[in-house]
Structures are given as C-alpha cells and as structure tokens.
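Line by line, the protein sequences are chains E, D and A. Residue numbers for the first sequence, in numbering that gives the first Met the number 0: 0 to 234. Residue numbers for the second sequence, in numbering that gives the first Met the number 0: 0 to 325. Residue numbers for the third sequence, in numbering that gives the first Met the number 0: 0 to 290.
These are calculated hints, taken from the structure and not from any lab test. Predicted model, so just to flag it, every value in this text is computed and none were measured. Possibly wrong hints are sitting among the right ones.
Listed below are the simulated DSSO-like cross-link pairs for lysine-lysine, each with C-alpha atoms no more than 27 Å apart in a straight line [what the hints assert, rightly or not]: (1) E:5 with E:153; (2) D:131 with A:262; (3) D:125 with D:143; (4) A:119 with D:125; (5) D:131 with D:143; (6) A:262 with D:125; (7) E:153 with E:124.
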Amino acid sequence: MLLEVKGLQASYGATPVLHGVDLAMQEGSVTTLLGANGAGKTTFLRALCGMVKTSGEVRFAGARIERHATEDIVRLGVAHVPDGRGTFAGLTTEENLRLGGYTRRRARELEADLERMYGYFPRLKERRAQQAGTLSGGEQQMLAVSRALMLRPKLLLLDEPSFGLAPLVVQELFRILGAVNREERVSILLVEQNAAMALALADRAYLMETGRIVRSGAAAELQRDDAVRRAYLGY
Amino acid sequence: MSRRMLLLTLALLAIACALPFVLTSYRTFQAALVLVYAIALLGLNIVTGYNGQISLGHGAFYALGAYCSAILMDQAGLPYWATIPIAGAACLVAGFLFGLPALRLEGLYLALATFALGVSMPQILKYHLLEKWTGGVQGIVIAKPEPPAALAAAGLRLDADQWLYFFVLAIAVIMFLLAWNLLRGRVGRALVAIRDHHTAAGVMGINTALYKSLAFGVSALYTGVAGALGAIAVQFVAPDSFNVLLSITFLVGIVVGGLASLSGALFGALFIQFVPNIADELSKAAPWAIFGAVLIAFIYLMPSGVAGALRALGARLAGQPKETRP
Amino acid sequence: MSAEALLLQVASGLATGGIYASLALALVMIYRATHLVNFAQGEMAMFCTYIAWSLMNAGLGYWTAFFATVAIAFVLGMLIERIVIRPVEDAPVLSVVVVFIGLLVILNSVAGWIFTYTIKTFPSPFPAELPYGIRLVSPHQLGALAVTMVVLALLYAFFRFTALGLAMRAAAQNPVSSRLVGIRVGWMLALGWGLAAAVGAVAGIMVAPIVYLDPNMMSGTLLYAFAAALLGGIESPGGAVVGGLIVGVLENVLGALIGNELKLVVALVLIVGVLLARPSGLFGKAQVTRV
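The following block holds chain E by itself, in its conformation from the complex:
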C-alpha cells in the first residue's frame, strides 16, 4: 500500500472540515477523489502534505507522515500540484521547472528530466525564458504538472487540474498523466470536479461529501452506477 489514510480529521482554526476520512492507494494506481465544491477535497490534499492541522493517521510507503513538515513530505517523494497552480509568477518558466527538481542531487539527470518535460509540453519549451506569470491558464497548468514531475515523485497529487481549461487541453493533459503513470510508475491521486474524465483515467474512485467518504470502489463501477451518474456525471 503506497498511501493509507485512517480517520483523518482536519480543521481551519475552529472550523472542522474533514470528519474522519479513510482512503487507500496501491502503488502504481490512479485514484480519483470526486465531490462537489466545498466537500473538503482540497483540504484533504493539503492535509496529506502537512499544510493543515490534522489528527488521524497517514502512512506513506509505510511511514507515518501526519506530523511531518510539508518540505519533508515532499522529500519523501510526494509532489502536490495545488489548486491555483502555485506557479512562481515572478520567475521564468525554466526557473519554475528547475525549482521542481530542487531536492534532487544529480545535475545531469536534472537536465535530462528538463528535456523530457519539454518533450511532453513543447509549448513550455517555447516559453522557457518567459515570466511564468504571463503564461496562459493552460500553459501554467502544464507548467505546474511538469514542475511536480521534476521531483520524480512516487505519488503525484493533483487538485482540479482541469479547472478553467479548454476541453482539448484537458484531454491532452490527461493523456500525458496516463502516460506518466504507465511508463514511469508514478501513482496519481486526482481530485477533480470533471468526474467523467477523471473516472475514465482512474482505476479507483472515492466520493467525498462534506468531509466524509460516502462511496468508494473501482472507477468503472462508479461510472456505471446510476446515482453517481445523476449526481456527478449529469446524465
């Protein structure tokens, strides 16, 4: 089990947001966490990364990480693409990418990975010297994902990557995510509102409502489920 979450509770100040969440991910899987706005999905990802106060148990590759600082969790191999993308707007595209590889040691591998990212996203290569804040929404999303991949993470957390992107761009992004998962064995935990695309990519799915998991199972199963279809797939 790559990731095991048991009874995770989290709050912002005095307001509780997560009320005991259980979740498990196998190595190599793509798991998606669906739910409406305000369900607590973003909070869940932030809790995994130590960005919110939590109680409960989180195990990553067997080790308990709930009390770890964000930067230490990152060094264990967890890359988080936050909602809002978290781009370093004042730095160039290439500087953003290099920062993704900040914790890595071998310079030559870093250069090779940089080229690989440019291979996945040629547009970034064109804009490598441009200030990241001036990139379009879609380009910034690609930059955010590439920056996360520069870590060579074991686990990639994505918070609503399709947000505000044109459908074709989303398709391309999800295609690359799939490729990354298969070819580089990067496990992916995908928080999404675009349930259809997420369920198509994932093998497992969890449904969150007001800070609790209400359903879980194989992605294909949830895709076929009537209640889920009506609530989240719109048909």
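Please arrange chains D and A on chain E, whose structure you already have, making use of the hints.
Leaving out everything else, chains D and A in the frame of chain E:
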C-alpha cells in the same frame, strides 16, 4: 466606569495628592516627571495603541512643545502656565498637518518616516538659521515657577517642587479625564475599528482620513503639553536631549505599560522614569542594552504590557474564564 | 558653484553613494524575503565593523580581517533571524517594529560598552594617492565604489545563476509553493538575513574610514540607505543601487549648496517625499493589497 474602578481611581488620586508631603524634594520632582511622561505616553498611545499608526518620532512633538514653552517664556516673557495651552495648540496643528501626509503611509512605512523625523529632530533644533529662537546647541534655560502668592496668603506653604508637582498633577488629571471621555465613546471605537480593519471601517461609514489625522493631532497635543511641562520642570531645553532615543523611550513606555490602555500610560511612565536608573546600576556601561532586552522580552512574553497582564489577572481572580480567541 | 566644483561633488557623491547602495541592498534583501524593514541594519553593520577593528588590532592583516568579519557577520545575521526574529514572524507589525528597535538599541549600547564611545580611526586598504595624479575622488572613495560593485556583481550572480539563489528568490516570492518543492523556507530566511548582514558589514567597513568609527556612526548612513532603498523601489536590488548613487550625489550637491548642517533633514525630506509621491520607487511595482 464601574464603582470599583471609580473607588480605585479616587484612592490613587488621594495618594497622589499626599505624596509631595511625604517625599523628599527630589522624589517629588521625579514624581512630577512620571506624570509628565504619563501624559506623553497617553499621547503616543492614542495614535499608536488605539489607532494603530506606528510613530517612532513622537519625541519630535515633545521637543516642539518643550521649545514652544521655553521660547515663549524666554523671549516673550509669558508666564509658565500660559505657555501650556499655546504649546498644546501648536502641537495639535503640527500633528494634524503631519497626520495628513501620514494618511498615505501604512504600518512599516509610517514607522520609517517617523523614525526619520525622530533622528533628524536635533539637527533641526541646532540649525543656525533658527538659532536666535532655539538658542542653538546650548539651548534655553528657563526659570523655575514659584507657587502663587495667593496660596501663601491663604496659609498653605508649598515649596517650588511641591507646587510644580501639583500643577502637573492638575493638568494630568484634566488630560486623563478628557482622554477617558473621548476614548470610551464613539471616537474611541472608531479609532480601534480603523486600527483593526481599516477597509471595513471605511465601508461602515467612518471617515477614516479625518479620524486618523485628528488622532495624530490630538496625540501630538498631548505629547506636546507633556513636553512643555517637562521643559518647565527641568528648567532647560537643549537639542540633544530630543534625539531618537527619546522617541524610542516613549515606545518602550507604551509597550511595557500596555497599548490602548489609559492605566498603561501610568505604568509605562513609572517604568521609563525609574528603570533606567536601575539599569544604570545593573550595568553601568550598557543601560540601553537592558532597555532593549526588556523591550524584546515584553513583546515575546507580555505583548499587552503590564496593564494587559493586570487586566487578565483581575479577570481570572474575579472568576471569569480565560479569554479565547474566536 | 563652478562646473568643476559641481563635478567634484558629483564624483565624490557617487563614491559615497556606493556605500549607501550597499546598505540599501541589505535592506532590500530582507524586505524582499520578509516584507519587513530592518531598522537594526545600521547597528548590525556598525557592530561588525567593530569586530573587524578588533581583529585588526589583534594583528590580522586588513583583508584577512575583512573576510573573517564578513563570515562572522553572515553567521550573526543568521543567528539573529533564527533566535530574535523568528518568534515574531507572524506577529502584528508593531510588535516586529518594536523588536527591531530593541535590537538596534541593544547593539548600539553593547558596542559602546565593549568598545567605548571614543572615536577611533579605521584604516583604508587603498593607496594614499591615485596614479596619474587624479584628484577628482580620493583613493578610498574609488576603492569603496569598486568594492561595492564587486559585491553587487557577486550577489547578482548568486541569485541569478545558482540553485540556492533561485530557491531563496522563490522562498521570498511564494513561501507556500516553495515548501511544495521541498525548500526549507525558514532556512532560506535565515540565509537571507546572513547575506544581508554580510553586505551590511562590507558597507560599514567601507564607510568607517570616512565617518570614523564610533557606535553612532551608522545613524546618518542608515537614514540615507532607507531613502535610497525607497527611492529605488524597496523590492528592487538594482533600484537600491541606483537609489544609493542618486542619494549620494544629492547629499553632496545639496550639502555644498546649503551647508552640511541639515544632512539628516535632507534624508527625512527624501524619505517622506518618495513615500508620498511614488511609494513604489523608481523601479518597483505598485503594490496591491487584497482586502
């Protein structure tokens, strides 16, 4: 004011009136200085504690009041008591005028600008073009006020130090009462609202610009009056006593005493009058280092100052639960 | 004033301006990382200059003492950030300002205590006369300017071309995202303070031969450095340099015109003027605060 507070205040006042008859002349003089500093600190507290505008240059207003008084006595021959309201008025105007551009400066930048004011004040006072009024580097010496003949005729014999003390006490009581009245009502709430959430206060209809400039003006008035009283008490004004360390001393006073608190002004005044002497004895060579360390310690450990700590203690003794932030 | 006299003032103004630029640079570095103005920067520089003086008195050569002091200043800056500033990182502005003032006062007083208030001379490493009989500026002024430029170039290269420099820039701009790539933001802050302290120490060592070494030597320089940093744009290192040079020239030219008595008042007017007329300075970007 609750009955308990009223009784406490009256008791304090009674003690204050009795002091000059039990203390030596020198101690009475020191007590008068404590009251002077209390007025000055009240001034700084109005603008920084209640209204959140950081001033690191209030020594400049103290200097302005002091020099106003000294010049009027020395050159215009005015009696000492007449100089007080004039010094106050001059500082009110100066403070208000300074408050106008200060409107555009927030937090750190205002601190920076007022710091520059505090640092450059001695140079302004020493400037040769102003020398015939300010007396240049040597400053101005003024005469000590004598108790009015009427008192002696009525059988009450006071020496000069005692008279000075009562003069200062009377003014201090008036100014504290005025401040208390001002701050507990709508004005006080508006000032605090502006401090805590500037934009919301404006949206609620408070004329933030007016209040902030007035806060500066009134606070300058208080500190200026204190300066005038201080000059009369010490009988001397000279540029180098009004350097940035004076402004810093005032800052120490309100931090230690307690921000946004009337009693805090009194505690702070006691601190800045007596602790430097103690610090001097502790470390002949680096008294200011102790001052600085105390300053930092208070910020870490007692950010609401002595007044705040006493308030919390009082609440706990009265059985109220500890305040929790929402 | 004759053209030659004006040129003289401008030239020496540029030289002292270089020193203001160094101190302004230290201020800007801390501001960029923390959005705080380090009121104690001058006293930190002064204290380190005294350390250099002590090392030289103990027998070390000028440049050995110079580099040793820079290293000590670096460590001192880091320690101050970790021990004194960290507890008030998230405190309200007034608390932070008060802590800075406390630091200022402590450093000033301890320096006076350890080293006494007697004014001391401080050596200059540069030759007594310039070659070819150039008299426009003194050798020290030219040397100080050169040292300043070298420091600036090194800093620029560090921030622009090294991974650590990039990480520090990132941590200053966006601490949250920095954590997400594994940057230890707290240590980046400490490093920033260390570098700023080192730069400040260089400024102190360069200015000491001119203003003589005494615990209060930096108050005027600090005020000018504030003015320079604000003029250039408090977030812009390049602006700090340009601002420093402009302030240096203004100080000298105005000093020649209206006398030297009001130098600090000139700084005050500059500071207030810039804050009112163009708060983001010549090269800064206008700040927008979200409600």
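Status of the hints after comparison with the structure:
no. : hint             : result
1   : E:5 with E:153   : holds (20 Å)
2   : D:131 with A:262 : holds (21 Å)
3   : D:125 with D:143 : holds (24 Å)
4   : A:119 with D:125 : holds (25 Å)
5   : D:131 with D:143 : holds (22 Å)
6   : A:262 with D:125 : holds (12 Å)
7   : E:153 with E:124 : holds (25 Å)
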